[in-house]
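All chains, full assembly: derive it from the sequences and hints.
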Amino acid sequence: MVNRTELQTGSPTAVSAPRAPRPGVFFERHFGHLMPLPAALCISLLIIFPLAFNLYMSLQTWFVSSATPPRYVGLQNFAEIFGKDARFWNSMWITAEFTVISVLLELVLGLLIAVYLHRDFAGRGIVRTVMLLPMVSTPVAVALIWVIMFNPSLGILNYLLSLVGMKPLLWLGHPRTALPSLIFMDIWKWTPFMVLILHAGLQSLPFTPFEAALIDGASRWQLFRYVTLPLLRPTVAVALIFRTMDSLKTFDTIYVMTEGGPNNATEVLNIYVFETGFKYFHIGYASALAVILIIFVFAVNLLLIRVRERSWSY
Amino acid sequence: MIRRHMRLWLALPVFLASLLVLPGMSAAQRFDWQAFKGTSIRVMADTNASGEAIQANLPDFEKLTGIKVTYETFTEDQYRQKVLLELAAGTGAVDVFQTATAQEGLKFWRSGWYEPLDAYLKSSRLTDPSFDMADISKPALKGNTYDGKLVALPTTQQTTMLYYRKDLFEKHKIKVPQNFQELEEAAKKLNNTEEGGQKVVGIVLRGKKAAATSQWAPYLFSYGGNWLKDGKPAMNTPEAIQAFDFYGRLLRNYGPPGAVNYHWYECISLFVQGKAAMYTDVSNRIFFFEDPAKSQVVGKVGYALFPSGPGGRRPVMEVWSMAVSSKSKKKEAAYLFVQWAASKENVLKMHLKGVPSVRASSWKDPKFLSEQKHKDWIEASLKTLEIASTDWNPPVTAVSEVRDAVGEAIVSSILGEDVKAAANKANDEFVKIMEKTEGK
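Line order of the protein sequences matches chains F and C.
So my numbering is basically just the index in the first sequence, starting at one, shifted up by 10.
So my numbering is basically just the index in the second sequence, starting at one, shifted up by 1.
Because the hints were derived from the structure by calculation, they are not lab data.
Among the hints, erroneous ones may be present.
[Stated by the list, open to error] Below are the DSSO-like pairs computed for lysine-lysine, each with C-alpha atoms no more than 27 Å apart in a straight line:
(1) F:K177 x C:K276
(2) F:K289 x C:K230
(3) C:K433 x F:K94
(4) C:K233 x F:K94
As structure tokens, this is what we get:
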């Protein structure tokens with residue numbers, strides 16, 4: 011009642027009376043803190059809690075069976091992973107190989123295509139749109155189509171090879187060719203992402219340095235090498251960070267296409283975590299592996315961000 | 002008035018007699034499908050053929066018993082995760098679950114998640130007198146027995162069988178292989194032959210790591226090997242090494258390229274396209290092969306017993322069963338469901354739809370015999386039912402993990418790597434896994 015009269019009359023009496031701050035005042039004073047509260051709550055519920063619980067589980071051993079209840083084992087899981095687990099080191103190595111090769115090739119290809127698209131020509135809009143299709147298509151569906159194309163007896167890729175007189179490959183069917191095949195598919199799928207970011211970067215470059223270089227008589231190659239590339243560095247770094255982060259965590263396409271096979275030849279760390287957790291149900295061990303994966307991804311990206319800040323900024 | 006009284010007087014002895022009889026009746030405990038009318042139970046099942054066939058017949062059960070059923074199905078991998086987590090949570094939210102004991106039985110039994118069914122089966126109050134246990138395949142029941150307790154009632158089975166292309170065998174004048182040597186010779190002869198304008202491979206088998214192990218098991222047994230010897234992994238015994246070598250050799254020399262990625266799905270695809278001359282796998286493949294909508298080899302497929310090896314003819318049988326959860330709060334109603342699912346009527350109904358039955362009576366059913374034209378399939382199935390082993394998986398708690406380890410040796414063998422080294426590696430892994438998970 012008092013409040014309403016205050017509102018209606020604008021009487022200052024309430025303000026002059028020293029009282030405990032009313033909810034309204036509290037709300038106004040902490041407005042800036044309160045607004046993000048729902049979001050913060052959601053994040054802590056959906057991200058921080060699972061992370062903390064994962065950390066807790068990584069110190070346990072549990073096979074999801076009532077015969078052997080969860081047992082606290084301290085850092086034993088980690089000791090075993092780093093000390094004895096050959097499959098873990100194998101998966102780390104494959105993750106690194108997969109990420110480095112595919113991201114670098116995507117970067118080079120993406121840069122070439124972006125530079126090519128950064129000119130005026132008829133149908134540029136259509137080409138740009140079509141370019142993006144692999145990236146926006148559903149990973150699992152696309153992976154299934156690639157499985158069919160890779161099939162050594164029924165697939166189209168071996169048919170294409172036979173047209174140019176090459177011997178058929180086993181593609182996903184041999185440990186030596188399986189990982190390169192996956193990288194091939196990854197490049198097809200994610201180069202457009204590089205193009206998208208680098209193309210945007212190119213378009214936002216200032217015009218003056220180019221003008222200056224042209225007046226100084228720089229050739230096209232010199233222009234690209236000494237003006238475009240250095241100016242593009244921050245964009246390249248951002249693209250690299252995004253792709254590396256994603257690539258380290260690749261799961262869907264690899265799982266659909268090889269399930270990590272043949273014989274673990276394409277088992278990246280993420281698939282190993284999944285197999286351990288959801289096929290063998292070693293929940294503690296899988297949690298420990300997941301912790302390592304998180305730290306690994308985090309560390310690599312911290313490194314990339316550092317590199318970007320130190321030497322790549324201009 | 003008098004008449005009304007008369008009626009009352011007449012009714013009295015009936016009433017008195019019923020007073021005497023009623024307690025007697027409840028002591029005799031007559032079986033009644035309607036005993037739990039109005040209850041509702043929750044059933045979890047796999048989306049495999051038998052899980053879906055039971056789902057299709059649910060109205061029969063609900064009408065018969067008045068019990069309401071919530072039936073949830075999940076694809077195989079999701080199902081395994083889901084049922085495990087539900088049972089481990091121990092809330093009693095699940096009353097009945099479908100189970101393949103060879104896959105998860107030991108783990109579930111040791112965890113105490115199965116309700117033993119022996120007492121229920123003995124109870125004349127809970128079990129239909131016409132249920133007829135003797136009709137159910139003995140090996141299937143044996144496979145569902147742990148420490149002398151029956152944990153689930155089998156509904157359906159699939160047995161190993163040799164599929165071969167009758168037309169190709171006739172054309173090239175080859176006999177149906179009776180043993181491994183003849184199998185390899187036939188594969189060799191038929192490999193790379195042309196038929197209908199396309200190349201045919203000699204044989205197709207599963208080659209994809211863990212997926213291959215269950216179909217490799219009959220080769221292992223027929224060489225005289227086994228998963229365990231005196232309770233310890235036996236993957237590097239001479240018999241097992243021979244089995245790895247033979248299976249890998251068949252696929253490497255006479256199989257499709259890239260066989261290491263072949264799950265059953267790829268095998269079937271190749272076979273129905275007429276690109277493979279032979280295939281050994283479980284018996285329900287007939288329903289793919291003889292389906293004109295899916296298959297180009299309708300009427301061209303012969304069905305034969307799995308060939309014998311140096312250690313005899315040892316095909317395997319995969320059984321799907323229904324079990325009552327030990328944490329269920331409605332165990333008796335749940336048992337009625339399990340009993341109905343495994344009953345003669347329901348199993349026959351599924352059998353007629355192409356989900357092979359575990360009951361001898363279904364195989365003799367006149368309707369089935371008149372509908373199923375492939376007598377060689379019936380004959381091979383029935384013979385296999387007598388001799389099959391239900392150990393298509395290693396009898397351990399960590400089945401998936403061991404399957405992966407053993408599967409690696411199969412893949413190595415297919416790729417032509419050192420089989421002995423691969424077998425030793427698989428065995429070492431197997432030992433490690435058992436130490437870790439069996440706690441002994």
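Results for each hint:
Between K177 of chain F and K276 of chain C the alpha-carbon distance is near 20 Å, which keeps this suggested pair within the 27 Å criterion. Proposed proximity of K289 of chain F and K230 of chain C is supported: the alpha carbons are some 26 Å apart, at most 27 Å. In summary, the hint linking K433 of chain C to K94 of chain F is supported, as the alpha carbons are separated by about 12 Å, within the 27 Å threshold. For the hint linking K233 of chain C to K94 of chain F, the alpha-carbon distance of about 22 Å falls within 27 Å, and the restraint holds.
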